[in-house]
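Enquirer: This is what each chain is made of:
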Amino acid sequence: MPFIPHTAQQQQEMLDEIGQTMQGLFADIPAELLPESFNLPDGLSEQEVRDRLADLAGKNSVDLTLFLGGGFYDHFIPSAVYSIISRSEFYTAYTPYQPELSQGTLQAIYEYQSAICRLTDMEVSNASLYDGGTAMYEAITMALRITGHNKVIVDDSVNPIYRVMIHSYTKNLQIDLEETRCADGLANRKEILDRLDNQTAAVIVQNPNFFGCIDDFTDLAEAAHEKGALLIVSCYPTSLGILKTPGAMGADIVTGEGQSLGMPMSFGGPYLGYMASRKKYVRKMPGRVVGETTDREGRRAFVLTLQAREQHIRRDKATSNICSNEALCALTALVYLSLLGKEGLRETAQRCADKASYAYQRLTAIPGVEPHFKAKWFFNEFVLDLPCEAADVIARLIEKGFAAGFPLSRYYEGMENSMLICVTEKRTKQQIGMLAEALESVL
Amino acid sequence: MKLLFEKSVPGRRGVCSGPSDVPTTINISDDLLRDESAALPELSELDVVRHFTELSRRNFGVDTNFYPLGSCTMKYNPKVAERIASYPGFAHLHPLLPQLRMGGMLTQGALAILYDMDMLLREITGMAGFTMQPMAGAHGELTGMMIMAAYHRDRGNNKSIVLAPDSAHGTNPASAAIAGYRVVSVASDEHGVMDMDALREAVTDEVAGIMLTCPNTLGLFNPHIREICDLIHSVDGLAYYDGANLNAIVGKARPGDFGFDIVHLNVHKTLATPHGGGGPGAGPVGVGEKLVPFLPVSIVVKRGDGTYALEYDRPKSIGYVAPFYGNFGIILRAYVYVLMQGGKGLARVAEHAVLNANYVKHKLQDHYASAADGVCKHECVFSTTESMAENGVHALDIAKALIDRGFHPPTVYFPTIVREAMMIEPTETESKETLDAFVAAMIEIAELADKDPDQLKAAPVTAPVSRPNETAAAKNLNIASL
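Here the protein sequences line up with chains B and U, keeping their order.
First residue of the first sequence? That's 99 in the numbering used here, and the numbers climb one at a time after it.
First residue of the second sequence? That's 148 in the numbering used here, and the numbers climb one at a time after it.
Keep in mind the hints are simulated off the structure, nothing from the lab.
Cβ coordinates follow ideal geometry from the N, Cα and C atoms, glycine included.
Among the hints, erroneous ones may be present.
Unchecked claim - Computed spacing ranges between beta-carbons, pair by pair:
1. Ser176/U to Ala281/B: 31 to 37 angstroms
2. Gly499/B to Lys463/U: 37 to 43 angstroms
3. Thr563/U to Thr119/B: 44 to 50 angstroms
4. Thr119/B to Ile590/U: 24 to 30 angstroms
5. Arg159/U to Glu497/B: 27 to 33 angstroms
6. Ser181/B to Ile590/U: 53 to 59 angstroms
Claimed, not checked - Listed next, the stretches of chain U that the computed footprint assigns to chain B, with coverage defined by at least 3 CB atoms under 8 angstroms from CB atoms of chain B:
7. 227-233
8. 334-340
9. 450-460
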């Protein structure tokens with residue numbers, strides 16, 4: 099039997115030893131509650147299951163050249179990442195409740211927290227949350243706890259996928275969630291300032307935003323702080339290789355999707371929600387946190403700390419219900435950042451920006467293709483207006499082997515002809531040239 | 148051991164990307180750039196590999212040795228699932244592809260797996276529909292509570308209370324509270340299962356529902372489970388099944404048949420996906436017929452022509468709880484496991500998990516104080532004996548002494564209703580030889596508790612660190628090297 103070691107003889111010996119039958123071990127379940135039978139298939143051998151799954155994998159189109167991003171990116175992943183995270187001492191361990199047997203996981207999480215702080219210029223980080231969207235929701239509840247206010251303002255240049263998620267999560271809470279409509283590709287200062295009042299818990303913005311535009315939120319941080327509100331910034335971590343940090347802008351909570359730090363796209367997960375904040379708010383922060391201490395012989399040691407915030411201690415008064423998080427994904431991000439290092443991350447970010455800039459020039463040279471936003475700085479995504487419906491153009495480009503971008507009409511009214519194009523460091527000059535030719539040919 | 152940052156050598160490079168094929172242009176205004184590069188470590192690839200190899204040697208996983216951590220179901224994680232999850236056809240699949248026009252046709256393999264998994268989990272649990280979105284068990288609980296709230300809103304019910312037993316996992320009350328409910332704890336009776344009189348008293352019109360594991364955290368199957376569900380239904384409440392302990396009954400009995408309305412599964416427990424040192428997991432949620440309209444969007448449906456599609460237009464849905472389809476890579480591993488086990492294999496999983504727990508319980512009952520009499524399900528709970536207590540020996544000391552004997556300790560001090568609790572869950576993947584060796588170690592420790600308690604107090608002596616100072620960690624907070 100798969101993965102069960104007892105022989106029939108051993109099974110009998112054990113039953114005899116405890117004076118039971120297998121039936122007897124389940125006699126506590128009332129007979130009337132048992133199903134007559136299960137309509138489940140017979141088990142497959144490893145070879146059969148590998149063949150079947152290889153067949154299913156073959157029905158997914160992974161040979162398209164990707165210019166599709168939208169918050170989820172096709173970055174280069176060094177081989178050593180997979181090699182390291184495949185060490186089963188890491189991936190077959192549980193949450194590090196026994197520090198003596200978990201110094202590997204614990205030190206790695208401490209180093210991850212440090213790397214996230216250094217990347218974002220913040221002071222504290224937790225051990226991970228599920229993804230960028232749930233991290234944003236956790237940031238909202240954290241801001242509600244800190245400020246005691248109940249209004250949250252989010253600009254619609256924040257990833258629409260996160261916005262629909264926070265709408266789901268806040269439905270049962272007594273909060274006033276207001277959206278502002280971005281102004282020419284950037285967070286709408288006027289609308290945000292109009293709505294910002296002394297009942298506001300947080301203002302949420304994103305950098306680079308969903309359209310790829312780069313902003314500096316220093317002014318919004320100051321305005322929010324004047325009203326006793328917090329600034330929450332969602333941030334694409336790769337961009338922090340070169341971009342001004344949310345810490346330098348005065349953000350109070352920084353969250354984001356960590357998938358770009360060494361995780362494959364894997365059809366939507368597992369990913370990594372990261373969260374960083376200021377030291378003064380650390381006791382209001384959700385999720386696991388690892389701290390450095392010493393053991394009884396004075397040796398450096400790492401432990402889960404500030405557990406009094408957590409569900410297994412505080413139960414219904416906890417800062418969050420999170421238990422399992424995304425520890426292996428946090429390890430992945432740490433390994434990725436260590437392999438790239440200080441210069442490598444800068445270089446990757448710069449190359450994303452360079453290639454996007456090159457693609458922008460090539461694509462906007464096509465007659466009828468125009469930039470949607472005027473004179474805005476962008477990182478590695480930008481919005482183009484086409485002379486016809488974007489969803490249709492994208493569908494035609496799939497036939498030519500490109501996932502050329504994302505049709506913005508799916509989430510934004512009045513943007514039927516607009517498409518969001520993403521260029522990572524993996525795309526070559528040649529691929530960009532071929533996309534330009536293909537786009538011109540279908541218009 | 149040194150930190151990564153302490154090993155950094157200025158100017159050293161790991162991965163090198165070679166020259167760029169496009170010109171480097173200053174295309175971003177200076178005031179939007181960071182002043183200095185992030186202070187990440189500067190190391191060679193080998194430096195990094197050695198650092199993490201050393202860290203991995205300071206870690207303990209199921210592959211290292213026996214890991215009887217109660218309530219966590221630390222069973223073997225089949226290697227084939229890891230291999231399949233790394234197939235490029237899954238790992239390189241962009242989640243936004245199905246949102247492109249006709250894009251569903253680009254991901255038929257992945258959608259087929261999500262659909263098929265839905266069907267399999269329905270049959271395993273006796274529910275009418277599933278979402279694969281929740282990314283962990285507690286996330287499943289929150290999703291379930293959001294579904295509960297949406298149901299009551301839809302019915303015009305005014306409910307504010309969720310019940311949970313005093314033996315519940317901490318996530319239960321935390322999840323209910325986050326969904327906006329007040330949590331009322333229901334006492335256990337002298338046998339360790341929910342006290343029916345206490346429950347009858349607690350069930351009022353205010354009650355939105357109840358959250359239960361079954362078997363419970365003492366490893367006991369509550370014979371009144373149907374009655375409990377009926378009682379909750381009598382006030383139009385909903386019964387929530389926390390699947391943390393499903394390994395005890397998988398393939399044998401189904402929460403849907405007990406009367407539960409909402410179920411979550413911890414696939415990183417019952418369905419053998421790795422725990423990852425604390426995630427990623429997955430917590431698919433199943434619901435009964437009347438709750439199907441409230442499931443999160445999107446849902447995978449099978450069309451008349453045999454192709455699969457995502458359905459978004461579900462007006463009563465609670466919305467999105469994940470950006471896409473949940474932790475697909477984890478659901479995929481669980482799918483592989485279910486296919487390999489088949490229906491009969493799953494029943495055998497439960498049988499052997501229960502057999503192993505009862506075997507350990509039987510072997511230890513003369514040496515430790517058992518928290519409950521009779522047959523247990525997937526786990527058993529012990530306390531220290533009176534003489535151990537007199538010698539000042541705590542569950543923690545026993546746990547640390549096990550480390551020196553090569554075993555991961557059981558869960559200690561949970562459930563909180565048991566004094567000095569030690570919660571042992573062997574799982575079905577452990578051999579008789581392993582169980583015998585563990586039992587021998589536990590008996591040796593019990594004897595030491597009488598003869599030489601100081602030796603237990605000194606444990607562990609073989610681990611890289613020994614009893615780190617947790618109070619100091621919280622007081623002199625150092626959670627990042629900056």
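Enquirer: Compare the structure with each hint and give your call.
Expert: Status of the hints after comparison with the structure:
A hinted range of 31 to 37 angstroms is violated for the C-beta pair Ser176/U and Ala281/B, which are about 18 angstroms apart. Remark: the range hint 37 to 43 angstroms for Gly499/B to Lys463/U is upheld by a beta-carbon distance near 40 angstroms. The beta-carbon spacing between Thr563/U and Thr119/B, approximately 34 angstroms, falls outside the hinted interval of 44 to 50 angstroms. For Thr119/B paired with Ile590/U, a C-beta distance near 26 angstroms keeps the hint of 24 to 30 angstroms intact.
The given range of 27 to 33 angstroms is broken by Arg159/U and Glu497/B, whose C-beta atoms sit roughly 47 angstroms from each other. A hinted range of 53 to 59 angstroms is violated for the C-beta pair Ser181/B and Ile590/U, which are about 41 angstroms apart. Residues of the stretch 227-233 of chain U with a Cβ under 8 angstroms from some Cβ of chain B number 6, which satisfies the need for three, so the listed coverage holds. With 0 residues bearing a CB less than 8 angstroms from a CB of chain B, the stretch 334-340 of chain U misses the requirement of three and the coverage assertion fails.
With 0 residues having a Cβ less than 8 angstroms from any Cβ of chain B, the stretch 450-460 of chain U misses the three-residue criterion, and the hint is violated.
The structure shown violates the earlier hints numbered 1, 3, 5, 6, 8, 9.
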